[in-house]
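Peer 1: Now for the letters of each chain:
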Amino acid sequence: MSGFVNAFVDMFDTATIASIVAGASGLLYATMGETISEKAGVVNLSVDGSMMLAALAGFVVAFETGTVWYGFPAAAAVGVAVALIIAYGNIRLSLNQVAVGFVLFALCTELSRFLGRSYVGRPPVFVPAWDIPGLSSIPFFGRVLFNHNVIVYLSLLTVAATYLFMYRTRRGLALQGIGERPEAAHARGIPVNKLRYFYTAVGGALIGIGGAAFTLDVRAGWSDGRTRNLGWIVLAIVIFGGWHPVRAAIGVLLFGALQAFALNLQPEFPSLSQVLPTMPFPAMILALVIVNWKALLKWLDRYPFLRSILRSDPPTAIGTRFDVG
Amino acid sequence: MSLELRNIHKHFGAVRANDGITIEIETGTLHGLLGENGAGKSTLMKVLSGFHAADSGEIMLDGEQVELASPEDAIAAGIGMLHQDPLVFLPFSVIDNFVLGSPGHRRLDRRKAKSDLRGLCERYGFNLDPALPARLLTVGERQQLEIVRLLWLGARVLILDEPTTGISADQRGKLFATLKSLAAEGMSVIFVSHKLEEVADLCDRVTVMRRGKVVGEVELPVPPEHLVDMMFGQAVEIRGRYPVPLGISHLTIDAVRTATGLLSEEPVSLDVKAGEIVGLAGMEGSGQDAFLRICAGMRAPKHGTVAVAGKNLTGKHYRDFLAADVKYLPAGRLEEGLIEGLTITEHFVLTGADKRFFVDWAAGRRRAEDQVGHFNIKGTEASTAESLSGGNQQRLLLALLPVNLKLLLMEHPTRGLDIESADWVWEQLLARREEGTSIVFASADLDELLRYSDRILVFFSGRVIGELEAATSNVDEIGMLIGGRTADVDMGNSR
Amino acid sequence: MSTRLTNLLLPTAVVLGSATGLLLLAGTNPWDPLRLIVEGSIGWPPFEEGTSAKIGDTVMVWVPIALAAAGLIVTFSAGMWNIGIEGQIILGAIAASWVAREVSASRPVLVALTLLAGAAGGLLWGLLVGVLRTAGGVNEIFGGLGLDFVAVSLTTYLILDPWRRSGVASTSGTDIFPDDALLPSLSGTRLSPLAILITLLAIVGVWILFRGTLYGLKLKAVGRNRRSAFLMGVPTNRYLLGAFMICGALAGMAGTSQATGFHFKLIPSISGNYGFLAILVVLLARFRAFWVIPISFFFAMIAVGSSQLDLRLDLSSTLGGVLQGVLVLSAMFGMGWAAFRARRKIAAGAGGAG
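One line per chain: the protein sequences are A, B and C, in this order.
When we follow the working numbering, the leftmost residue of the first sequence carries the number 34, and every step to the right adds one.
When we follow the working numbering, the leftmost residue of the second sequence carries the number 263, and every step to the right adds one.
When we follow the working numbering, the leftmost residue of the third sequence carries the number 10, and every step to the right adds one.
The set of hints was computed from the structure by calculation and includes no laboratory data.
For glycine and all other residues, C-beta sits at the position ideal for the given N, C-alpha and C.
No false leads were mixed into what you were given.
Reference excerpt, derived from the structure (chain B facing chain C, CB under 8 Å, subset only):
1) Glu598
2) Glu602
3) Thr613
4) Arg618
Go ahead and model the full structure; you've got the sequences and the hints to work with.
Peer 2: The following block contains the structure:
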């Protein structure tokens with residue numbers, strides 16, 4: 034028991050929190066990407082696979098060119114390509130988004146294993162650290178927020194940008210509209226399907242960048258199944274976050290905290306060392322259960338403020354196709 | 263802005279929805295477009311608002327020809343359309359709905375939009391709270407939101423498609439007043455409806471359509487029989503109803519009340535005998551649908567009892583009601599009645615009496631073929647549910663009903679059907695009645711209610727506000743009750 | 010060209026084209042890898058002398074895939090995406106492992122018990138997903154996924170602690186099960202006629218379920234339109250749970266086959282990702298039970314035979330997995346494209362007649 038308490042308390046030190054923020058960058062990009070895509074009405078179920086394939090692409094390009102920065106656009110391109118396959122299959126060919134997404138998950142996972150085998154164990158190219166001068170000396174916040182690298186900073190900015198875009202701009206509002214009620218958006222002159230292609234691609238790009246953030250920073254290097262299961266976590270966090278970028282970002286950080294907690298537990302419970310790293314995953318799923326519990330929701334109806342924080346409503350037209358005329 | 267449609271043609275497959283339509287609408291007029299369901303009014307308005315491209319013909323705005331290939335074009339041309347079910351985004355706030363899709367700066371200035379919204383609302387006497395999620399608005403309020411939005415976007419032609427379905431009499435009055443003042447300000451308003459009285463009440467001119475063509479255009483006022491004549495080609499006769507001896511009580515609702523929401527304040531009681539037809543009237547959301555669901559066993563009341571043929575079924579599961587020979591047919595034929603992807607035969611097997619584990623497909627197909635012929639369904643036993651037209655789907659739904667039905671509950675039995683199909687549906691229902699089935703149905707069509715019911719229950723604001731004998735009542739009386747006005751008390755907009 | 014012909018030729022052409030393209034891109038001609046895959050799985054020429062061990066392996070890979078696929082047809086018909094299939098296979102394997110280790114009885118009884126236990130384990134795990142869905146409102150994709158993770162964790166824990174190998178705990182798995190618990194097989198191979206029989210029975214059973222029973226028809230109804238089915242009096246929740254239970258039971262038996270018929274012990278990746286592979290099989294088979302048989306076998310051939318690619322052609326064995334994915338994706342798009350063209354034709358034809 035004391036082991037648990039110790040592990041828990043140990044988390045609340047600056048170094049741990051800073052590492053949680055640093056380690057969250059990949060998931061933050063990918064979660065923002067998937068949130069955008071799903072808000073527009075397209076579920077990208079391939080995330081686990083496309084993120085891995087993009088992560089590989091990022092690593093390979095960075096490795097071959099010697100420049101870490103070239104890896105990110107390559108990864109983004111992979112993400113875009115996969116996302117567009119889903120969008121095209123659904124919008125033009127009326128294929129089921131989930132079906133195409135799943136097959137792509139399988140395919141991209143295998144592709145990453147196949148194409149990456151000669152890159153296993155190669156020395157990674159790192160994103161250079163970059164402490165923001167001045168800001169990084171602020172006690173606590175300096176260490177936690179400003180003592181990282183560009184990729185981490187940009188991940189936080191991406192969250193802010195996604196939120197501001199969605200809720201503070203006209204186009205962002207239109208984005209919400211096409212996923213909520215495409216007929217109504219269409220009636221207002223918004224080009225629903227064109228935008229769905231666009232936002233799916235944007236989502237794919239961010240997912241790709243998220244993958245690259247792992248192989249070039251958080252877990253630099255490549256091995257078989259490097260980013261395994263992270264894509265499924267992204268999908269769960271999007272739901273957990275109620276399709277809201279800020280809530281999803283909080284979910285990502287919570288997940289990171291859970292992982293840190295599991296890590297702290299390892300020395301206390303060595304026999305579970307293989308098991309513990311995977312525990313945060315079912316924990317997230319459990320959280321989903323709670324968030325969706327109908328009985329709980331009924332009780333929450335009496336507290337509208339709480340409800341608005343915890344409620345998890347998908348965009349009404351998610352997963353569906355929109356046909357003009 | 264003056265509007266002219268010249269020789270508009272539009273077909274869907276073999277159906278000529280619009281067959282050479284020519285209409286002229288002058289600036290600042292309230293122009294009615296009158297016709298029965300299926301006359302082609304909606305298609306024409308969809309062409310005008312950019313949803314469909316006409317096959318041929320021209321559209322002139324202020325004397326200049328315009329191409330309306332998409333809703334974007336129509337909006338740019340100043341044409342605004344208010345749909346029957348206002349296309350609002352339900353979870354979004356009023357202000358977000360107001361602003362969504364409007365041109366302007368990248369940054370969304372909600373404050374400016376809010377003041378614009380307030381200004382417009384004040385001008386027309388609307389009361390819309392910008393922060394409220396749209397799903398909490400009534401249909402009438404959603405219309406108001408759409409109207410101010412279209413005005414804000416600079417619409418000079420306003421098309422309203424069947425706007426009075428599902429709004430209170432009070433809101434209707436307000437809507438008409440708004441439209442009149444808009445017309446006075448120079449807006450061209452097109453009022454599309456199948457409701458004669460309203461068109462006659464509101465509009466300056468009327469174009470009547472029948473079967474895809476324009477059959478006449480008159481300046482109002484004009485005697486209503488004239489309009490009826492144009493709409494139907496001949497005067498409509500009330501189908502004779504002959505009395506049927508009533509039997510035992512099939513449905514006894516005693517002082518039923520729900521825990522919350524509609525029907526929670528005042529108890530409702532109803533006794534329906536075999537062979538009786540009871541119509542439920544009222545605006546959408548007044549409680550009739552909730553009441554039907556209680557009768558069907560889909561919802562248990564908090565107080566009171568529900569008994570079917572003497573057996574107390576209060577609080578029992580929906581399946582117990584089914585077993586007691588009660589059947590509930592919701593309005594959504596494909597959404598809540600038939601199953602897409604399944605053939606007619608499969609539907610019959612699913613609802614059939616043969617409950618054995620292994621299906622006798624040969625017998626099932628035979629039965630299906632039988633019923634297809636008997637009910638004149640345009641299709642074969644292998645046709646899938648979604649391949650049938652609306653009217654044929656309704657036929658199938660009725661064919662699937664069990665033989666000995668004590669109680670049939672229907673939500674809007676003839677919604678969206680053309681006259682021929684609607685007549686046929688009632689023929690079937692009356693035949694059932696003769697066999698002793700009790701029928702309780704909700705409808706928005708006052709004529710239908712008067713024509714077929716023995717008694718009519720009128721709902722308003724979650725309670726029964728009146729009960730009438732159809733034989734001695736009339737449209738006005740029902741209309742008043744629907745609007746909340748009893749003989750002595752005007753319930754107004756109480757909500 | 011007639012639409013039916015197009016519907017058949019177009020997808021086939023797309024599939025062949027992408028497979029060829031993939032292999033060319035991988036740096037080889039299309040024939041060698043395919044020949045090697047066949048040789049590695051059933052021998053080349055097929056079924057010649059000395060290939061019985063390989064064939065046995067291929068068949069015993071076919072068994073879990075086909076069983077899982079048969080189960081998935083049931084859940085798909087009920088409108089569910091049973092991503093939890095992996096966990097259901099694993100729990101079946103765990104249950105069978107428990108019986109193999111703890112129960113002593115005569116061979117036939119023991120084998121029967123492992124199969125029953127496997128079915129029970131998978132059934133319970135599937136039921137859990139179903140309950141999470143019906144009572145908890147959790148989308149079955151995520152419920153299933155979460156339970157997959159839990160199943161994997163459970164396996165790892167069992168292998169490293171309570172069931173660890175005598176001596177040093179190792180991630181290579183538990184001790185080998187006693188002979189009596191293993192599925193009876195032809196000497197020298199893993200091939201178990203019993204397993205083949207059960208698999209074929211399962212497939213035929215699923216086929217009959219949907220072709221000729223009221224239960225199957227109701228399941229289909231629930232899958233297509235839950236609301237309408239409910240109004241017709243079908244107890245929809247019960248049917249959803251039933252679908253998960255049937256699928257879980259079949260998946261559980263697949264797990265038994267893996268545990269006592271292939272690996273003969275419990276290993277960390279006891280399900281071999283065959284659950285996900287089965288989803289691909291069902292998508293490719295367009296949810297038709299009989300097509301599951303050849304397609305599963307084809308995928309099993311690729312799985313077993315692609316180990317040859319590494320040895321002989323210096324191509325990674327993971328090319329097999331890529332091939333499987335490319336096949337399904339191109340088939341889906343081929344069929345989607347054919348349907349798209351067919352719809353286009355109908356629309357054009359109808360418009361002209363107006």
